[in-house]
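Spelled out from the first residue to the last, the chains are:
Protein chains: 2
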Amino acid sequence: MPYLDLIASPTLVINETITRANIQRMAEKANRHGKKLIPHWKTAQSHEIGNWAKEYGITEVTASSIKLAEYLCGQGWENIHIAFPFNVREISRLNRLAENQGISVQIVNTSTIQALADQLTQTVGFFIEIDAGYGRTGVATSDFQTIDAILSISKTSSALQFKGFYLHPGHTYYGVDKQKIHEESREALHILKTTYQSSYPNLVTRLGDTPGCAVMEEFGDVDELGPGNFVFFDLMQVQLGSCRKEDIAVCLAVPVVDINLERKEILVHGGGVHLAKDVLVNADGSKNFGEVVLLDEKGWSIPSHYSYMKSISQEHGIVKASDELLAAVKVGDLLGILPVHSCMTADCMGEYLSLDEKKIDHAEGCH
Amino acid sequence: MPYLDLIASPTLVINETITRANIQRMAEKANRHGKKLIPHWKTAQSHEIGNWAKEYGITEVTASSIKLAEYLCGQGWENIHIAFPFNVREISRLNRLAENQGISVQIVNTSTIQALADQLTQTVGFFIEIDAGYGRTGVATSDFQTIDAILSISKTSSALQFKGFYLHPGHTYYGVDKQKIHEESREALHILKTTYQSSYPNLVTRLGDTPGCAVMEEFGDVDELGPGNFVFFDLMQVQLGSCRKEDIAVCLAVPVVDINLERKEILVHGGGVHLAKDVLVNADGSKNFGEVVLLDEKGWSIPSHYSYMKSISQEHGIVKASDELLAAVKVGDLLGILPVHSCMTADCMGEYLSLDEKKIDHAEGCH
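Going down the list, the protein sequences come from chains X and W. Be aware that the first sequence starts at 1, since it is given in our numbering, and climbs by one per residue. Be aware that the second sequence starts at 1, since it is given in our numbering, and climbs by one per residue.
All the given hints hold, so there is nothing to weed out.
Which copy is meant is left open, because identical chains are indistinguishable; a pair holds if it fits in one copy or across any two.
DSSO-like mimics (lysine-lysine), calculated; alpha carbons at most 30 Å apart, straight line:
#	residue 1	residue 2
1	Lys-67	Lys-358
2	Lys-35	Lys-193
3	Lys-320	Lys-67
4	Lys-287	Lys-320
5	Lys-193	Lys-180
6	Lys-54	Lys-359
7	Lys-310	Lys-180
8	Lys-330	Lys-155
Just so you know, the hints here were simulated from the structure itself, not pulled from any lab data.
Please put together the full structure from these sequences, using the hints given.
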């Protein structure tokens, strides 16, 4: 039965070919630059998609939470890095997790490393997260005092192994000068590496943001690349220039439940609980919660006429429709919606349907 | 063990006393006005909370999707109404659901009622949804032609039973004149009732929005009230004047992972995948993704000093903290966050923890 006939309700469709091409392209780029690609798996959150990634030489992944790390555990990953400032209330979960799985965590202050030094029963690696100007989280680049204090405390526990420095320059998402941010980030990691390499000859530096990793071609002495969103991409990444619309690997199939010819609107079953509520702004100032593509038995195509989701509530989505779409659509049809933020959409949906009718796992669907 | 000691990771805490008080207050108000309260269960999405509601005379609920209706099925509800324009791709699911459960659906056009007339094998009720100016979905108040056509088609199937008119004046959420919207909505339902009552003597009218049902005291000849959010309330409802902050019945407990004294910010594990990304705007123009409350063993208290979640990403939340909070907080503590939109937060979390340490079910947590 064609995959479209399996869809009665909002369903996240994945195009395996596009997904594999995205992974392959980034893996080849990392190879070309002599870097190790360790993708952030908060986007895909899937064993099956992990198996695809392994075919392109991926051996380690990153998780956004201990919950996701627990899900990914035991799937043959050499190491799972939890790229979130470690939460000391989860130390006993971490000890259990690290019994049978290579794990590393992220440190941004001394009190957390002290708690780990006191309570870890298993060997765990750690990265120190560096803030080079994003302002969300991390030790400031020049705060050698905190870095030294963290390293000093870590030496009191044989369970703690310093791996290196991690930097997520998330401000590349805000439309400022990406090139400059990328250079500053690289430079920050370079200084840290040269400062600490004599004491820690095996330390590595990791830089992880999709806009930077997708577009830049100069990575200096950075050792590892850690982008996440590139596996699927989305409309936000298109706007940032990281990819083309044709590279977006997932779309939400939504049933048409009503059509308003006068207002040129199509009501679909697909709302905030499916897409999440991330939003872009169109050139005319209107909001865009997702863009319409035309589903067919081979996947989807991007129409020359533009239609988009203009508003969203818990379950409802209202599509502002082109004349061409209005002329073609009827109640009971399916439309495809390219997501604004694919990580959030996948997290909401908790499962994928492939074009060859396979259900593909996602951590959130497996309670 | 006190409930706080059970919390290691982001957890949605529910205060049963406040929840019951919210349900009781609305049930008493409906009784006082001689109306039937049929709450929209898209907010709570829970069997256990449904059992609480039954103690206040609630016998029917509303679902936002067939998926939620399936979850709520078989729990003793006399009827479950699916208050979303019916999706014709789900007719076979509807037939299965209606085998053992009183079900009604919502109709906004003729093609959908035709498909139901053709394919229903079980008895199903239907409401015609009316749009009295919100502009999201529904038949326009004055569009008697469409209403007549829907009713005419429905008569061709003995499986279809017309129940009445449903109106959700969601524009009360947008800060315009609530009183006027409420009066227009009531008037629209009154006209429809008087027009169709001679042909359908048992028809009922239902009005469902929390701001209107919470604040207004005049419901005219409306038969049923269908608010949803009032079960928990949230910061948006506080802003709309529907409730006090003290009436909010759920809060997200989030672990503190870092503190930045210089920026007066607290980094917590609690992001868009937990709270959703609904947002309010503070008086100074800054964004507010949730407000900090102080957790204690009896629940939480609202501090006199204001701290709020100023930004949010997939897993991260950054709290802009008052001096008092900064002076008291340490890494590893838990903070409570009152949600901006409790329906979305509950949907993200898929489970509640009560103050007496019970896990309480939510449809999204039970795959």
